[in-house]
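Visitor: Each chain, letter by letter, is given below.
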Amino acid sequence: MIAARKSATIRESGSDRIFGMVLYIFLGLVAVVVLYPLVYILSSSFSSGSAVAAGDVWLWPVHLSLVGYVGVFKYNAVWTGFVNSIIYTVGGSVLSVMMTIAFAYALSRKAMVGRRVLIIAVLVGLLFQGGLIPTFLVVKGLGLLNTRWAIILPTALNVFAIIVAKTFLQMTIPDELYQAAQIDGCGDFRFLTSIVLPLAKPIIAVLVLWAAVYDWNSYLPALIYLNSQALYPLSLELREILVLGQVSFSSMGNLTTAQIAEMTSMETVLPYALIVISVVPILLLYPFVQKYFVSGIFLGSVKE
Amino acid sequence: MKANLQDLKDYRSPIESSARRSNKWKRMRRDIVQHWQLYPIVALPVAFLVVFSFFPIVGDQVAFRNYDPVLGMWKSPWVGLQQFYDLFSGPYFWLLIRNTVTLSLYYIVVSIPAQVILAIAINEVRHRWFKKFVQTITYAPYFISVVVLVGMMEILLAPSIGPLASIFHSLGHSSAPDLLGSSSWFPSIYVWSGIWQETGYGAVIYLAALAGVNPELYEAAKMDGATRLQKIWNIDLPSLKPTITILLILSIGGLLTVGFEKVYLLQNALNLNSSQIISTYVFEIGILDGNISFAAAVGLFQSLIAMIMVLGVNFAAGRFSDTTLF
Chain D
52 MIAARKSATI RESGSDRIFG MVLYIFLGLV AVVVLYPLVY ILSSSFSSGS
102 AVAAGDVWLW PVHLSLVGYV GVFKYNAVWT GFVNSIIYTV GGSVLSVMMT
152 IAFAYALSRK AMVGRRVLII AVLVGLLFQG GLIPTFLVVK GLGLLNTRWA
202 IILPTALNVF AIIVAKTFLQ MTIPDELYQA AQIDGCGDFR FLTSIVLPLA
252 KPIIAVLVLW AAVYDWNSYL PALIYLNSQA LYPLSLELRE ILVLGQVSFS
302 SMGNLTTAQI AEMTSMETVL PYALIVISVV PILLLYPFVQ KYFVSGIFLG
352 SVKE
Chain U
3 MKANLQDLKD YRSPIESSAR RSNKWKRMRR DIVQHWQLYP IVALPVAFLV
53 VFSFFPIVGD QVAFRNYDPV LGMWKSPWVG LQQFYDLFSG PYFWLLIRNT
103 VTLSLYYIVV SIPAQVILAI AINEVRHRWF KKFVQTITYA PYFISVVVLV
153 GMMEILLAPS IGPLASIFHS LGHSSAPDLL GSSSWFPSIY VWSGIWQETG
203 YGAVIYLAAL AGVNPELYEA AKMDGATRLQ KIWNIDLPSL KPTITILLIL
253 SIGGLLTVGF EKVYLLQNAL NLNSSQIIST YVFEIGILDG NISFAAAVGL
303 FQSLIAMIMV LGVNFAAGRF SDTTLF
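Chains D and U are the protein sequences, given in the same order.
Under the numbering used here, residues 52 to 355 are what the first sequence spells out, in order.
Under the numbering used here, residues 3 to 328 are what the second sequence spells out, in order.
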C-alpha cells in the first residue's frame, strides 16, 4: 500500500504536479468562501455597536464586547420563541416518527389486509398535494387556527418518509423473522416494540433528523396559522428581527442619553449575536448527526 | 400470450373455483383475526393521511366555486372554470410562470456542475485530513435555516455597511448597489446563496458514485501514462453520467415547484417583478387578500402540472435507465 503510493508520487509528471497545486488552491478558496460569511458574523457579534456600524470589522472582533449577547438575553420574544420551537420540534418529531414507523410497519406486512389499497393511497398523497389553500381551510374547519396544534398536526405525516421507512423495513426484516415470532405466539404490538424498533434504529435516526430539522427551521405554518406572538416559533421571531429589521425593546421606560446610546449599540449588534446563538447549537450537533444525514441522502434515493 | 396460458391453467370447474374463492376469503379472515393488532397500529396514521392529505385534495373543489366565508367551502356558488379563465387571461400568469421556471432552471444549470466539480476535486485530494476538512466545511451551511441564511445575506450584502460595502468603499464608491432590492439581481442572489448552502450536501451523492469506480480502470490509465486530468475526463465523468442523468431528470420534474420559504424572505417591493413566483402568489392572494377560490385555482394548476411532470419524468427515467421513482 505504502509502496504503491510512493511509486505514484515518484512517477507524477510535471503537469500532474501543477494539477495538484491548482486543486489545493481551488479547494482552499472554496473553504474560504464558505467560511468567511460565518467568521464575519461571529467576529461582528463580539464587537461593539459603533465598530460594526462604522464598518471597521472585517476579520477579527473590534472593541471586544458582549453587548449583542446581552441584548439577546434581554429580548423576551426570542426566548418565548425558543421555548415554543422546542415544543413544536419535540412534539412534531415524536408524533411524526411514531406514526411513520407504525404505518411503515403495517405496510411491510403481507398479512395486512388492504395493504395494496393503503400503499396506493400513500402514493397518491405523495404525487398530488391539495395545496396551501385547501389545507388552510381544513385546519380552519377543525378549529385549530391560532393554536399550537396547527403547527404540529398538519405536517406530522410525511408520505415520503413512510415510503422510505417501508422500503427499509422490507429490506432489513426478513419474512422468516415475522413467521418465527408468530409461531412463538408474539403478537404485532410486541413484535413492533421489541423486535422491529431495535432493528430500525438507523432509519429512526434519519426520520427524527428529517422531522426535527424541518420543524425547527420552517416558518410557513406559523406564518399562516398563528396570530398571537406568544405562540410564534423562533424561526418567525428571527424573520421579524433579521429580515424585517424590527428590533424593539418594548419594556423600556424613561431613558437617559447614555442608556439610549447603549441601546442603539445593542440594537446594531443584536442580529449578529442572534445568528450566532441560533446557528451554534446545530453546528455543535452536526459532527454527531452528519453520519445519519449522509445515510439519509441514500435512503432517500432508495427506490422500490 | 402468457396471460392466456395462465387463464387456461387456472380454469377449473365452477365448483372448484368457488371453493378456491371461499378459501381466499377464509385466508383473509384468518389474517384479520390473527393480525387484528395491525389495524389499531395503523389507525392513527391513516386518519392523518385522510384528514391532512385527502381532505385538502377534495377541498380543491373550492377552486371551482366563488368562496364565501359565510357559506363555506361546500355551499359557496359554483362557477366552473371561471377562476382558471381569470388566471390564464390575467396579467400575472406568464410573469409567474417565467419567474418560477427561471429560478428552477438557473439553479439546475449551476448546481449540478458545481456539485460534480466539488465532488471530483474532493475525490482527487490525497491527504485524508484535507479531504475531511473540505468536506466538513462545505457541508456545514446545509444545516443553517433559510431565515438565518437570508438574515446573513441582509448583513453581508447591505449597501452602506458590511463586507460588500467595504469593497465598494475601497474602490472609491460611496455605497454598493442594492443587490437585495433589485429585480435583475434577484435570480442570481437566490441561486448563488443556494449554491453556497447546498453544494457540499449535493456533492455527497456524486462522491459515493466516484467511490464505486472500479480501481482497475485507474491502474490501466496509469499504465497508458494518462495524466490526472485525462483520468478525470475519461474515467470519472463517464462513471458519473448515470447519476447526473437521473438527478437532472428528477429536478426537471420539479421545475414549477420552487419552495416558498426562501423566496418569500428575499421578496420585497423592489424585486417583486422577478421574485413573485406561483407559491408566493398563492399565499398573497389567498391568505393575505382572502381571495380563497382564485388562490386555490392557482395552487391546483401548479399541483396538476407538477404531477404531470413528475409522471412524465418518471417515464423518461425508465427509458434512460433502470431507475424510476415508482
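Hint data in this document are derived by calculation from the structure and do not stem from the laboratory.
Keep in mind the model is a prediction, meaning the values are calculated, not measured.
Hints may contain errors.
[Said to hold, decoys possible] Below, a list of computed lysine-lysine pairs in the DSS-like style, where the Cα atoms sit at most 25 Å apart:
#1 Lys224/U / Lys191/D
#2 Lys233/U / Lys133/U
#3 Lys224/U / Lys243/U
#4 Lys125/D / Lys252/D
#5 Lys243/U / Lys161/D
#6 Lys133/U / Lys342/D
#7 Lys243/U / Lys233/U
#8 Lys28/U / Lys133/U
#9 Lys161/D / Lys233/U
#10 Lys134/U / Lys28/U
#11 Lys252/D / Lys191/D
#12 Lys134/U / Lys342/D
#13 Lys243/U / Lys133/U
[Said to hold, decoys possible] To be clear about the criterion: a stretch of chain D counts as covered by chain U if any three or more of its residues have a C-beta under 8 Å from a C-beta of chain U, and this derived list gives those stretches:
#14 76-82
#15 133-143
#16 159-169
#17 183-189
C-beta atoms are modelled at their ideal positions from N, C-alpha and C, and glycine is treated no differently.
Visitor: A separate judgement is required for each hint: does it hold in the structure or not?
Guide: Evaluated hints:
1. Lys224/U / Lys191/D: Between Lys224/U and Lys191/D the Cα gap is close to 67 Å, so the pair fails against 25 Å, i.e. violated.
2. Lys233/U / Lys133/U: holds, 19 Å
3. Lys224/U / Lys243/U: Given that 25 Å is the threshold and the Cα spacing comes to 22 Å, the pair holds.
4. Lys125/D / Lys252/D: violated, 40 Å
5. Lys243/U / Lys161/D: violated, 37 Å
6. Lys133/U / Lys342/D: Answer holds: Lys133/U to Lys342/D is near 16 Å, not above 25 Å.
7. Lys243/U / Lys233/U: With Cα atoms ~15 Å apart, Lys243/U and Lys233/U stay inside 25 Å; holds.
8. Lys28/U / Lys133/U: Distance of about 61 Å is beyond 25 Å: violated.
9. Lys161/D / Lys233/U: Between Lys161/D and Lys233/U the Cα gap is close to 48 Å, so the pair fails against 25 Å, i.e. violated.
10. Lys134/U / Lys28/U: violated, 59 Å
11. Lys252/D / Lys191/D: Outside the cut-off at roughly 36 Å; violated.
12. Lys134/U / Lys342/D: holds, 13 Å
13. Lys243/U / Lys133/U: Measuring from Cα to Cα gives roughly 23 Å; hence the hint holds.
14. 76-82: The restraint on the stretch 76-82 of chain D holds, since 4 of its residues have a Cβ under 8 Å from chain U and three suffice.
15. 133-143: Check failed, 0 qualifying residues.
16. 159-169: It holds: at least three residues are needed, and the stretch 159-169 of chain D offers 5 whose Cβ sits within less than 8 Å of chain U.
17. 183-189: holds (count 7)
Comparing the model with each earlier hint shows violations of hints 1, 4, 5, 8, 9, 10, 11 and 15; every other hint is respected.
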